[in-house]
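Taken in sequence, the protein lines are chains A and B. Counting in this note's numbering, the first sequence runs from 1 upward without gaps. Counting in this note's numbering, the second sequence runs from 1001 upward without gaps.
None of these hints come from the bench; they were simulated from the model. Here the structure is a predicted model, which means the values were calculated and not measured. For each residue, glycine too, the CB sits at the ideal point set by N, CA and C. A few of these clues could be false.
Claimed, not checked - Estimated spans, in silico, between C-beta atoms of each pair:
1. E1184/B / R178/A: 49 to 55 Å
2. E1184/B / S207/A: 44 to 50 Å
3. T73/A / E1226/B: 42 to 48 Å
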Amino acid sequence: MTHSLHRRGDYESLKEDFVVLGCPATGVNKAGSAPKTQNFLSICYKHGPVNLGDMKTGNIYNTTMDDILASVTDGTIVQCTFDNRDKIVALITELKERRPGISVVISGVTDVVQQCMHEAGLGSIHSLEYSLGTWGKTERLPGYAVLKLLTMCGHAMIACDLVGKMVRDVKRGRRTIRSCVVELAQCCTCGNFNLTRAEKIFREVLSTYMVNSLY
Amino acid sequence: MKADKDKCIACKRCFPYCPMGRIQTFQRHDKIPGRVYIEIDQDQCTDCGMCVRANICPVNALYQEVADWPREIRGILSNPLIEFKGSQVPGRGTEEMKTNDVKGSFLPGEVGVGVELGRPGLGAYFRDVEVVAMALMEAGIGYKLADENPVTHFMSDKSTGKLRDDVLGEKATSAIIEGKCKLEKLPEALKALQGAAEKVDTVFTVEVITKVTPAGDVPIKSVLEEAGFWYSINSKNNLGLGLPAFDFYGKGGAA
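The task is simple: from the sequences and hints, build the whole structure.
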């Protein structure tokens, strides 16, 4: 469960945000899947993802592409994040032609993903998972702009307080927005964090987010 | 997670990295005069390991003890680097719809209903997980739990969704209940979850899975719209590229 379908944001914010997963199936094609997953990763890498990794090894901001590729074993689930619709069309076109054999899932705005598939000549989505939102004690959640950043992590490893600290650091001139989003990406080991989108959101957060914490 | 009180200098650098928020308190060292160290609230900590992975402690005071049952389930469900052996899948859930194209886990007429409690930033105690699981099972909709899901493994009675008593006080960064029912039962399942939402002291996300028809129709869309449930513009989409393709319609090929 990458949680990528629960990313917060409106259409404008999400339309260029795609998480692509390569997933072997236990009991079907998991045995001997490592070369297929490596092939899938290599194809994705060629199309210029903004982030890429697997949750056990880390992402390209924690380690190297060579390390990620070498660490792939049978059953490894890999994720690549893209910030550009045209790249997704090109990627789907190549995946359709070279067919690595493992299951491929793309999280994103449903209509945009479907459009990209049509443009790549792939037809309809096979199976789909909708988010029905967040229920329960939602009043305990942080503000919407911060949630847009936090929900980009696949396993909820980005702390709300870390965003607050970074906003304070940037406002005080201690560090750049880019260095902040790279560190946020390092917290999210699986490679789901979209740094391009994060930079835009961070700029929004900067102008609206008040920092009153003492640490 | 714990901070070694003989090493910790209470510099607070680890504080903002905790996904559970401010769960640390300051303590005076009983043997070193003037020394203050931090203590991590063991009830609130989910053993996710983020503070250690952040590599932020200047004196390497943070560490994770090898936990015995039932505390070990905190790390299993919270630390993304730990794989739950029961599901053989890294992460907190199962392969769910990710491999539906080759496994046929969700057939036409079926709908997957998943509930993930605790994220972002709140965490979930298993007593709340039990409330949601029991609500789904008590709804009488034939909800079939995913066998390989970690939460299912922690149940003492899978027919009622009752969890083992010894895990109820444990907490995870997030915990997922996964299962499926017939498409026509979806509104009842969601109403049961609405009831559970009022009883839990955390948040949960709700996700529903369906096989899209070869013509591109999404069967759950009209059901959700008729029942008045909001769904997001973004979704997880299986492209159907896995091999060998599962034969959904008995035609000997994928669709």
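Against the structure, the hints come out as follows:
1. The hint said 49 to 55 Å for the Cβ distance between E1184/B and R178/A, and at roughly 50 Å that hint holds.
2. In this structure, E1184/B and S207/A meet the distance hint of 44 to 50 Å, their C-beta atoms being roughly 48 Å apart.
3. At roughly 45 Å, the beta-carbon separation of T73/A and E1226/B lies within the given 42 to 48 Å, and the hint holds.
When each numbered hint is compared with the structure, no violation occurs for any of them.
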